[in-house]
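**Student:** Read off the chains here:
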Amino acid sequence: MDMDRLIKLLVEDLQPARPLRSPWTRVILWMAIGLPYVAAVVWGKLMMIETWNIASDIRFLIEQAATLATALIAAVAAFASVIPGFDRRLMLLPLAPLGLWLATVGHGCVQDWLRLGGDGLTIRPDWDCLPSATIIGIVPAIVLVIMLRRGAPLHPRWTLALAALAVASLANFGLQFAHARDTSIMVLTWHLGAAAVLSALGGCLGTRLLGWRHVASLPKR
Amino acid sequence: MPSGWRGSSRHLARCRNVSTSVGLAGHQNRVVSFRQPCRRDIDEERLDPLVEPTSAVNVACPEISLDTVSPELDFASTAKKVTSSSRGIRQGLFAGAFMVRNVREEQHLGSLMHAAQAGDRGAYTELLRALVPLVREAVRRRFGFLQSQDVDDLVQDVLLALHTSRATYDPARPFLPWLTAIARHRMADSARRHFRRAAYEQRSEHSPGTFSAEDANISANRYGDAEALARAMTKLPHGQRQAIELMKLHEMSLKEAAAATGTSIGALKVSVHRGMSALRKALRSTD
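Protein chains in written order, with our numbering: chain P, 1 to 221; chain D, 1 to 287.
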C-alpha cells in the first residue's frame with residue numbers, strides 16, 4: 001500500500017485514546033474486581049473458617065501472603081510488559097514471592113513428613129477441586145486478558161505466562177481457604193503444579209491471544 | 001574525551017552517571033557545549049523503572065547544542081559510545097536509532113503524539129509524516145540488505161503498531177524510546193519471518209523443468225533487442241499499436257482498453273492478435 005494512503009487510513013481511523021494508567025494502578029483495578037469475586041465464590045468456605053485457628057497458623061498466613069503477592073507482582077509484570085520501553089527485569093520480579101511461596105510449601109512438606117511420616121507425603125487425586133478452581137479463575141482471567149489487550153503485545157508469550165501465573169495465584173489464594181487442612185504436598189502438587197501448567201499454557205497461547213492481530217485487521221496493502 | 005569538547009571533565013562528571021565519552025557520529029571535531037548540568041534528568045530516569053533510556057544523549061544532556069551548522073545527532077552511534085555505571089541507564093545497540101535534529105524535535109514529536117491521543121487528526125498526520133523518514137532510515141540501517149519495497153512494508157508495520165498501541169504512550173515520558181521499543185519488536189518479528197521463510201527455501205542454479213519438452217518450460221520470452229522492438233512497434237498500424245500499448249504495456253483489461261479506445265472488445269482482441277503476430281514476424285526477420 002502507498003505510504004500516503006496508509007497514513008490517510010490511519011488518520012481516518014484515529015479515535016481519542018486515553019493513555020494507559022501505570023501498571024500498579026491497573027493491578028489495583030484488576031484486584032478490585034478479582035478479589036471481591038474470589039471472596040464471593042468461596043464465601044461459604046470463608047464463613048466456616050475458624051478465625052482463631054487461622055490466625056495462629058503463621059505458616060498458613062505466610063503462605064497466603066506469598067500467594068497473594070505472587071498474584072499481585074505477576075500482574076504488575078504482565079501489565080508492564082505491554083508498555084513499550086519497559087524494563088525487562090520487571091518480568092523476573094514475580095520470582096521473589098513465588099520463591100517465598102514455594103519455600104513455605106516446601107517447609108510445610110518437611111513438617112508434614114516429620115509429623116505424619118510417609119502419609120504426610122501422599123499425593124491423592126483431588127479432581128473435585130477442578131470445577132471450583134475454574135469458576136474462581138475464569139472471571140479474573142477474562143478481565144486480565146481484556147486489560148492486557150489494550151497494551152502493545154511486545155512479548156505476548158511472557159505476558160500471558162505472567163498473567164496466567166497471576167490468575168492461578170489469585171485462584172489458589174481463594175481455594176486455600178477451602179483447603180486449609182490439606183497437606184503441603186497436595187498444595188505443592190495441585191495448586192503450585194496447576195499454576196505452573198497454566199503459566200506454560202499461557203506462554204503457548206500468548207501469540208494467539210495477544211498477537212498483533214488487530215494490526216493485520218486494519219486495511220493494509 | 002574526544003577533542004573538541006568544550007566543557008570541563010568536572011562539568012561532565014556532574015552528569016555523574018555518564019562515565020566516559022559522549023561522541024557525535026560524524027561530528028567528532030565539532031564544538032559542542034553543554035548549557036546546563038543534567039542531574040535532574042538522570043535522576044528522573046533512574047527513578048522510573050519503566051523507561052528504557054535509549055537515546056543516551058537525551059537522557060544525559062538534554063541541552064546539547066552544536067555550534068556549527070547542520071548538526072544531526074546520530075543517536076544510534078552515540079548510544080553505543082556512552083557507557084554508564086548507573087543501574088538505570090543502559091545502552092542498546094538499536095536503542096535510540098532514530099535521527100532527530102535536537103531534543104526539541106523529540107519533544108515536538110511527543111507533543112504531536114499527545115495531541116493525537118486526544119484525537120487531533122492534524123497533529124497525527126504531521127506526526128506520521130515526520131516519522132516515516134525516521135523509521136525508514138532506522139530500518140535501512142538495521143536491515144541494509146532489504147529492498148526498498150520491503151523497507152516500506154516494515155515502515156508500514158511500525159506505523160500500524162504505533163497506531164494500535166498509541167494508548168500505551170505516556171506523555172510524561174520521552175517519545176523516542178517508546179517508538180524505538182515498538183520499532184525494535186516489529187523489526188525483530190520481521191527478521192524472524194524472513195529467516196523462517198528462508199529456512200524453507202532452497203537455492204538452485206537451474207529451475208527444474210516441468211515438462212520434458214524444452215520449449216514448454218520457457219515461461220517468458222526475453223526481448224533480445226529492445227531497439228528492434230521499438231522500431232517494429234512504430235511500423236504497426238495505429239489501431240494495433242494502440243491496442244498493444246494499452247493492453248501489454250499499460251496492462252489494461254480488455255474492458256478498460258475498449259473504453260479508452262472506443263472500440264469493441266472483439267475488435268480489440270483482433271487488433272492485439274494481429275499486432276503481436278506482426279511484431280513476432282518483424283523481430284524474427286531481424287534475428
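Hints are computed from structural coordinates only; laboratory data are not their basis. Some clues are possibly wrong.
List of simulated lysine-lysine pairs, DSBU-like, C-alpha gap at most 35 Å [stated by the list, open to error]:
| no. | chain 1 | residue 1 | chain 2 | residue 2 |
| --- | --- | --- | --- | --- |
| 1 | D | Lys255 | P | Lys8 |
| 2 | D | Lys281 | D | Lys235 |
| 3 | D | Lys235 | D | Lys269 |
| 4 | P | Lys8 | D | Lys269 |
**Student:** Could you run down the list of hints and mark each one as holding or not?
**Tutor:** Hints and how they fare:
1. At most 35 Å may separate the alpha-carbon atoms for a hinted pair to count; Lys255 of chain D and Lys8 of chain P meet this at roughly 30 Å.
2. Simply put, Lys281 of chain D and Lys235 of chain D have alpha-carbon atoms about 12 Å apart, close enough for the 35 Å limit, and the pair holds.
3. Taken as a hint, the Lys235 of chain D and Lys269 of chain D pair is honoured in the structure, with Cα atoms around 19 Å apart against an allowance of 35 Å.
4. For the hint pairing Lys8 of chain P with Lys269 of chain D, the CA-to-CA distance comes to about 39 Å; that exceeds 35 Å, so the pair is violated.
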